[in-house]
Amino acid sequence: MTTPHAPATGSPATGSPVELLRVDSLVKRFPGVVALDGVSFDLHAGEVHVLLGENGAGKSTLIKCLAGVYQPDGGTIHVDGAPVHLSTTAQAEALGIATIHQEFNLVPGLSIAENVMLGRQPRRFGLIDPRRTREAAEAALARVGLTIDPRTPVSTLGVARQQLVEIAKALSLDARILILDEPTAALSDEEVDRLLTLMADLRSSGVGQVFISHHLDEIRRIGDRVTVLRDGAAVGTVPASTPTDELVRMMVGRSITAQYPRERTAPRAELLRVEGLTTRGSFEDVSLTVHEGEVVGLAGLVGAGRTEVLRAVFGADRYDSGTVHVRGRRVARHDVRSAIAAGLGLVPEDRKAQGLVLGASVAENLGLVALRAASRGGLVDRRRLRAMATRIVTDLRIRTPGIGATVRNLSGGNQQKVVMGKWFSADPAVLLLDEPTRGVDVGAKVEIYQLINQLTAAGRGVLLVSSDLPEVLGMADRVLVMAQGRIVGELTHEEATQDAVMALAVKEVESSRAH
Amino acid sequence: MPTESTAPPSSATRTTPSGADRLGSLTYQARTLAGQNGALVALLLLGVVMALMSPVFLSTQNLLNVGVQAAVVAILAFGQTFVIISGGIDLSVGSVAALTGIVTGFMAGTYGVNPVLAIVLGIGAGLACGLVNGVLVAYGRLPAFIATLAMLSVARGLALVLSDGVPVPQSSAVAWFGSTVWGWLPIPVVIMVALGALAAFILNRTYTGRAIYAIGGNEEAARLSGINVRRQKLVIYGLASSFAAVAGLVLAGRLASGQPQAAAGYELDAIAAVVIGGASLAGGQGRAFGTLVGALVLAVIRNGLNLLNVSSFWQQVVIGAVIALAVLSDTLRRRRS
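Chains as they are written, first to last, in our numbering: chain A, 1 to 515; chain B, 516 to 852.
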């Protein structure tokens, strides 16, 4: 596929910038929430334009509108000065817009060359010409500085290299507008370095890049301009050299306390005690406690081992050594039912893959945990389960047409409330929450925080894992910081600041690299 | 959804309807029913077409024949329904049915075991096959396709070994499974209806039944909600082969002998019946009633084509086409909604 447009190779150094993309007053509504409320934004050739904002601020919605995934309800999009209507991803691609998502669209079993050239392999007598496919892929890989045999299967590559293959594929499709959605989230420092160098190269060759990142240091290194989004609106566009304080103020726009309505209660008796929990190669010697009325936050970088600890405590995965006690009662190793019986509940990281039966009704999902308790002699008390589901839907204010509605059709926030709701029937002593507000809109977030308050007010405990640091700081009474599979520090609510947590999370990484 | 009974449209229940209203609500209800069960519509259409083409089709005797012809596949398919809703598949049910017939005849004939005890042993042999399937799938983590493909071969082989490849005679207790009550109602039909009701009851009302839907819908979510997925899988494959064992007895009763090659290929008919009945091979969806309709669709086609003197070679072609069409229409309907 080639684009009908002449490549707009305007250099930012010479004269007035060439505008590749302009978005005017874009509006996108979902049932119950306005995700984009009149966002305007533009991108020049040879520019890295950063989109900054909290989770749920509208960044993902905006880039999905640009990629042709969502159709905006209002506003206009111009590419090369001409108004466009992007109703499919193929249309966006044909206009030279490519998106590198956090989840890659690669076929793991195929070679790099086949992935880069997928669907447009050069043909000879109707058959794929492997030599020309390879050469074309090699040329694309050269542009991203990836020197590796293009016959290598993609499945053997690490995340960073897969990402480069994705970018190579986009460039070979003549992408002039590259949208990078948190490309550095899963990369090591060195890999981030290499990616930022590549982005700088692409900038000098005239590609316009939209860059989403939460790391202010990266933004300062590579960004030209920053547009800050908050609650679906663009707060403003400023140079990337703007001081951090100012960027954070634009981003948050309100005090942390209003956003995180934590009602603290004095912690009382101990509910959960984890001692010396170890899974070789994943985490080591993890000890922690959770008390009645307490929210304990588990902070750290992605890959620090937080999710693994949570799953091991709940018995979802095996661990090598260590013990878990709930209210003094030993929980059997690798036994989810023993953990539930002892009083644990888990809201897993990925609600669609691990938390919900998407094709089943709200009532079915809410009844999953209670199913055993609502059965007598193998028979299910259906009336009791329905009454329970109705009560939970009301209590948790789950917005659904009815308890018979299919969970797949609910919004992310309401789906998450269903996952939490199924535990309310079992009334666990400690609820283990893994990324409870990921992909949830701002309004539902606050409701989820209020549910956490409700639990602690009733004397239950919460162990909270979240990559959203302000959320951990705002909700947790104590923060444990993990790095490289170990707990490297404990901070009280008063001590826990963004800087203090990050200092701990990163220190261990640096010292381990020094060895 | 399988749990919720379809709420009747409010106009039909609350107001005292005028004639036109009543007709309107009736057509509405018919449309809802049709929308939910494409297989039922197909069955009724087939029935109308057959009735128009052959005056014999609607006779009581012929309809009972259809029931008898459907019975073995339907009973196999009820067991298969559990497995398919749970996201698995059981290719061994035909072989297990044959093994049950052989074991029963062998025990009563060669060893002179009490005929009723021989039947119990036959069903036990079938159940044992299912438990092995369950252990391989749940604890050995073999794909269901592979584990039950192996059992397809092992159970058939054992049936041939025990019988030395020749039919074994059956006791009168087994012959009862092929007989009639009150001189007209065939026992196979009675067993089919009873086991269909049992399957529906298990699926809708029991812990295992609800667990089957949860496991098929999302196994990891079911596990993390405290459902003992492995034990339930053992139960599921045990159920499937128990149903297969009963099917084997019905078949042995009709044939009045245990045939080592009996029910070969029936596993595919059973899978077809489940799928025509609206179950998804991806798991999480399906109903016992749908499976019954699916099995009846297959039987009606065979019966009708026989009445019309269509060669059995062509029957295979037609049945293949019907399977494809039934599932295609279901897929299209779901995509639209």
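I should point out that these hints are in silico values taken from the structure, not numbers from a laboratory. Honestly, I wouldn't trust all of these hints.
[To be verified] DMTMM-like cross-link-like pairs, simulated, lysine to aspartate or glutamate; straight-line CA separation at most 25 Å:
#1 LYS352(A) with GLU447(A)
#2 LYS352(A) with ASP335(A)
#3 LYS352(A) with ASP679(B)
#4 LYS352(A) with ASP181(A)
#5 LYS352(A) with GLU734(B)
#6 LYS352(A) with ASP468(A)
[Said to hold, decoys possible] Distance ranges between label pairs, derived from CB positions:
#7 GLY439(A) with LEU646(B): 37 to 45 Å
#8 ILE661(B) with GLN454(A): 43 to 51 Å
#9 PHE660(B) with GLU263(A): 22 to 30 Å
Values in this document were obtained by computation on a predicted structure and should not be read as measured data. Glycine is no exception: its CB is placed at the ideal position from the N, C-alpha and C atoms.
Structure-based check of all given hints:
no. : hint                                 : in the structure
1   : LYS352(A) with GLU447(A)             : holds (20 Å)
2   : LYS352(A) with ASP335(A)             : holds (22 Å)
3   : LYS352(A) with ASP679(B)             : violated (53 Å)
4   : LYS352(A) with ASP181(A)             : holds (21 Å)
5   : LYS352(A) with GLU734(B)             : holds (12 Å)
6   : LYS352(A) with ASP468(A)             : holds (19 Å)
7   : GLY439(A) with LEU646(B): 37 to 45 Å : holds (42 Å)
8   : ILE661(B) with GLN454(A): 43 to 51 Å : holds (48 Å)
9   : PHE660(B) with GLU263(A): 22 to 30 Å : violated (53 Å)
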